[in-house]
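Using the sequences and the hints given, assemble the complete structure.
Chain by chain, the residues run as shown.
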Amino acid sequence: MADHQNPPITALATPWGSSAIAVIRCSGLGAIELVDRIFLPAGKLASAAANSVHHGFLVDPDSRVRLDEVMVVLLRAPGSYTGEDTVEVMCHGSTAGIQRILALLLAIGFRQAEPGEFTLRAFMAGKLDLTRAEAVNEIVSARTAESHEMALQRLSGALEQRINAIKARLVTLLAAVDIQLDYPEEDSGEVVIAPEAVVEVRDKIRELLASYRTGRIYQQGVRVAIAGRTNAGKSSLFNELLRQDRSIVSETAGTTRDYIESTIALAGVPVRLYDTAGFRDSSERVETEGMRRSREILDAADLVLYVIDAGEGVHDSEPAMLQQLRESGRLVGVWNKIDLPAAGAHAAPHGFAAVSLNTGQGLPQLIELICERILPASLTWNGEPVIDSLRQKQLLEAADSALGHVLEGLAMQIPVDAVALDVEEALHSLGAITGEVTTEDVLSAMFAGFCVGK
Amino acid sequence: MTAARRGGDNSGWMDFDVIVVGGGHAGIEAALAVARLDFSVLMITQNLDCIGKLSCNPAIGGLAKGNMVREIDALGGEMGRLIDATMIQFRVLNRSRGPAVQAPRAQADKLAYQTLAKKTLEQQKNLCIFQDTAVDFILDSAGHEIRGIVTERGRRFHAAKVIVTTGTFLNGRIYIGEFSMPAGRLGEPAARGLEQGLSRVGFKLGRLKTGTPARVHRDSLDFSRMEPQFGDQDIVPFSFSYDSVDRPRLPCYITFTNQETHRVLAENMHRSPLYSGRIVGHGARYCPSIEDKVVKFPDRSRHQIFVEPEGLQTAEMYLNGVSTSMPEDVQQRFIHTIAGMEHAWIMRPGYAVEYDYIDPSQLYPSLECKMVRGLYVAGQTIGSSGYEEAAGQGLMAGINAARALQRKEPLILSRAEAYIGVMIDDLVTLGTEEPYRMFTSRAEHRLSLRHDSSDMRLVEIGREVGLVTDRYYQRFVAKRVGVEEIKELLRKRRVAETDVSALRALQLGGNFELDSSLGKTFYQLLKVPEIAMIHLAAVDRSLAEPRPIEWLRQVELDVKYEGYVARQDRQVDRFQRMERMKIPADFDYNALSGISNESREKFKRIRPLSIGQASRISGVRNSDIAILMVSLGRWAKQAG
Ligand SMILES: Cc1cc2nc3c(=O)[nH]c(=O)nc-3n(C[C@H](O)[C@H](O)[C@H](O)COP(=O)(O)OP(=O)(O)OC[C@H]3O[C@@H](n4cnc5c(N)ncnc54)[C@H](O)[C@@H]3O)c2cc1C
Ligand SMILES: Nc1nc2c(ncn2[C@@H]2O[C@H](COP(=O)(O)OP(=O)(O)OP(=O)(O)O)[C@@H](O)[C@H]2O)c(=O)[nH]1
Ligand SMILES: [Mg+2]
Chain A
1 MADHQNPPIT ALATPWGSSA IAVIRCSGLG AIELVDRIFL PAGKLASAAA NSVHHGFLVD
61 PDSRVRLDEV MVVLLRAPGS YTGEDTVEVM CHGSTAGIQR ILALLLAIGF RQAEPGEFTL
121 RAFMAGKLDL TRAEAVNEIV SARTAESHEM ALQRLSGALE QRINAIKARL VTLLAAVDIQ
181 LDYPEEDSGE VVIAPEAVVE VRDKIRELLA SYRTGRIYQQ GVRVAIAGRT NAGKSSLFNE
241 LLRQDRSIVS ETAGTTRDYI ESTIALAGVP VRLYDTAGFR DSSERVETEG MRRSREILDA
301 ADLVLYVIDA GEGVHDSEPA MLQQLRESGR LVGVWNKIDL PAAGAHAAPH GFAAVSLNTG
361 QGLPQLIELI CERILPASLT WNGEPVIDSL RQKQLLEAAD SALGHVLEGL AMQIPVDAVA
421 LDVEEALHSL GAITGEVTTE DVLSAMFAGF CVGK
Chain B
1 MTAARRGGDN SGWMDFDVIV VGGGHAGIEA ALAVARLDFS VLMITQNLDC IGKLSCNPAI
61 GGLAKGNMVR EIDALGGEMG RLIDATMIQF RVLNRSRGPA VQAPRAQADK LAYQTLAKKT
121 LEQQKNLCIF QDTAVDFILD SAGHEIRGIV TERGRRFHAA KVIVTTGTFL NGRIYIGEFS
181 MPAGRLGEPA ARGLEQGLSR VGFKLGRLKT GTPARVHRDS LDFSRMEPQF GDQDIVPFSF
241 SYDSVDRPRL PCYITFTNQE THRVLAENMH RSPLYSGRIV GHGARYCPSI EDKVVKFPDR
301 SRHQIFVEPE GLQTAEMYLN GVSTSMPEDV QQRFIHTIAG MEHAWIMRPG YAVEYDYIDP
361 SQLYPSLECK MVRGLYVAGQ TIGSSGYEEA AGQGLMAGIN AARALQRKEP LILSRAEAYI
421 GVMIDDLVTL GTEEPYRMFT SRAEHRLSLR HDSSDMRLVE IGREVGLVTD RYYQRFVAKR
481 VGVEEIKELL RKRRVAETDV SALRALQLGG NFELDSSLGK TFYQLLKVPE IAMIHLAAVD
541 RSLAEPRPIE WLRQVELDVK YEGYVARQDR QVDRFQRMER MKIPADFDYN ALSGISNESR
601 EKFKRIRPLS IGQASRISGV RNSDIAILMV SLGRWAKQAG
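Chains as they are written, first to last, in the working numbering: chain A, 1 to 454; chain B, 1 to 640.
Because the hints were derived from the structure by calculation, they are not lab data. Just so we're clear, the structure is a prediction, and the values are computed from it rather than from any experiment. What you were told as hints is all true, and nothing was included just to trick you.
Over 10 Å on every C-beta distance to chain A, these chain B residues come out as not near it, computed from the model:
#1 85
#2 122
#3 295
#4 314
#5 477
#6 518
DMTMM-like, lysine to aspartate or glutamate: derived pairs with alpha carbons at most 25 Å apart:
#7 A/167 - B/444
#8 A/393 - B/569
#9 B/604 - B/433
#10 B/296 - A/178
#11 B/527 - B/497
#12 B/527 - A/185
To give an idea of the chain B side of the interface with chain A (calculated C-beta under 7 Å), a few residues:
#13 94
#14 439
#15 440
#16 441
#17 564
#18 568
#19 622
All C-beta atoms, glycine included, are put in the ideal place defined by N, C-alpha and C.
This is the structure we're talking about:
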């Protein structure tokens, strides 16, 4: 029962990489005693009260070498996230240091936790239900303040409330049908399900469904590629956008030499920004691997910032590509270097934003344009609950289609006892979103590949 | 393994395979099932003249209940044949409504019903009937297994299995106004003693109550002031054993209470044992007495009453709708306010009965109890109400006692297979605090549980159990093939010009364009709301002849609701997936740290057989089910 604990596991709780502080979480049977063996002052943790914080050192028990100066948060079962004895070690965030501490923890008896295993344990300990578990996964991977906020909302059950309100409407419809189911013709009037009532509920479901795109954008972010001929000013734009960003989450150099990428936040949306290798003159057009990959990035991008040097004008090779991007709705044209005297000689293609990355002229308008294109006003988060997992979307679609069947049945004058079946189906799907109905698929999707320790 | 029939030996040391206590509707089905499966049975009941008595309403069937009667028949039970042979009016309820809510109902000739029930038992091989009252159980020395029963007169009967079906008799007490006395029915003594045996075994006992209206003399009623209600001209037999039955068709009569009736009742409410607090047992909310109706629905200016004949050989008429336990003078006064009953002569007063029942969650879905091996309980004793409910449980208890003797797995009907399955699952999973009556709305897969297709769902099962005779089975196979043939004909047959004009001549109405049907198949045409099977059969006689009308009706519903049936089937699949996730009998709920204590206690008490059943226990958190699923999950590798 409460004393039931799983074998001790450990893992880094903060993202990999150098940072000021890192947190290593240790949880399970004997977690406190184990950490105590490598903690100085000795014996302090084992006797410590629940929910206490301790300052000290991690020491290699063999060599007596001090690995790091740490703060330790100590939680006892069942009052922790996982419901088990838990020690959270806050250490300095150098990768080498973290690695040494983790190695030590493994050596003294911890097992490396699998991804999500703490959440699984929390779930098994009854500390969080499925929707909330799902939300936790998202908070962990949330990359902007907004997407974090959305996941938090879910954790607090705002989505659940919304869906419960929809369900309540359907339950009312069914209650009337039930009376008819249980009393014969001569004792009860004919119940009619008003199609308008069904349409109203369906609209509510569709509203939530529409929020999926919003949720998705905030959760998954968008890919934005900068393209154009060599020297058009792509890298300048890239750097400019990086500078505009105030919440760079992480930055990685491109794995290949041909392009670089970085994650920034624009309009609260996580943006994966790519700076690509420029296209060259047709005479020099050698199908290099680098250019092929640039094309791949362009193809996969949600938005392409296409930069043209105003001093050079549109090159013969460009209109075809611009046309293609325009048609797919992904083009943001950037008419750069308008500060150059030669710029006046060429006309900007239709819809291009004129800027000078050198002087900064037109830049605020350009950024606003990009934000608007990343997140059209219609999709901007208005603080209402949104759905952001594919599972939720599919269940809402199932509810939507079940209500479609209801309307069809009513139009066909199918008796309500049969039509009720589709209302119940819609209710079932909605119940699966809020975790009221637990299906095997959900669980296996959430926890597939886990070892459930006995 | 079968013990020989030893009915000839009345020395007091008879041995039987199975003892059935009680000769009500549950007891009848239980005893017949066991005997027909070739085990020896002793039915002990208080009074042989009361076997199969319809204690209350002279009717069998109705919504959901009628479906159960047909299910009982398809499994090899008796109730369908009993009512077919003794009905005096037949109706399919809800003909104007959808397929899930249509159900057969018949008025019964009470005495004929009883007589036939007793005769059927008497003629059954392997079955002995004995008049006495069971007062205690005989257990093995450890108290874990049943060995037999002890009777009021001190007789000891031994058996490997005992099925208790004591109805409203366990410690029963009837109430008529200020009057009350120990009784199971008016004029029949209560059964005392066995309730102590049951508590010793570990059963939690509770009190329930139910009531019945007065019976009045036919000749004292003025039918000109009532509206007659006739039954259907064609009778659809409850049993699938034959195509038709020929029975008399008596009318019932409809009248109503009025403001004056309600005033008389309201003024005397303090004299009702229900409201004076003398009755503690819970009654059913859905089947209230007239005094309840007056209190709970003060806005209703009248309540409907069906005046139903109790039989061909009696003048007693049953007043359906005014069940009461008011004092007799009040009963007389309020009845006399009703149109057509101004001079009604009350032959028997209405009364309420309060009795002991056991908490059904102490039973497995096989109806065997969890504390003592070999002890089964069925019928009103486990909290249900109604003849059909009792019969369905009796049949299942009988089958399962026999299967235990055969060392076979118990037969547990699922909620997707039968109303009987829904009922037993509800009772053993949820328990009950009021008399449990079957309702259509309790069955989530009701579209699959149509009465007319009960045979399609259950005959194979009954056959496997061994209760379905060869002749019955052959009829069933012929129907199954026949129904498919009709569908095939419909699929092949295309609408021709001549069909269109023939259909037009039928003047079907609606806004359906007949011309647009040219070239379509009859199968497609049948899906049109305005078109019925009889229309198609009128156009093309080869469809109908020489096939029973019931086959055509079944095809019609199958085709018209095909899309719904398909969707219901998907729901059933989903449901079955959860049912198939079995929970081992020795599962250690203490090892699940995350579940709430309330859920844990419930799991330990109910001991659900599957995740599906676990999820239906009331008050169990969904997240606890999810935890249980993960811990049992086959997808979750065990830690190595
Ligand atoms: C007053 C009254 C009102 C009712 N009202 C309704 C209603 O409104 N709606 C409804 O659906 N149903 C009603 N019924 C219930 C209906 O009669 C029962 O549901 C049905 O008969 C139950 O069948 P059973 O086999 O469980 O028990 P019963 O039909 O009660 O049969 C039990 C049999 O067991 C015998 N018995 C009992 N104890 C012993 C013993 N210890 N030893 C030997 N024999 C014993 C009895 O003599 C009796 O023959 C009412 C019944 C009564 C009496
Ligand atoms: N006058 C002027 N020069 C600019 C402007 N923007 C960029 N440049 C210059 O143009 C040159 C090329 O800029 P980059 O940003 O490196 O161009 P690129 O498109 O990344 O070039 P490649 O990576 O070689 O394809 C640099 O010398 C920049 O200083 C501008 O707005 N005005
Ligand atoms: Mg560059």
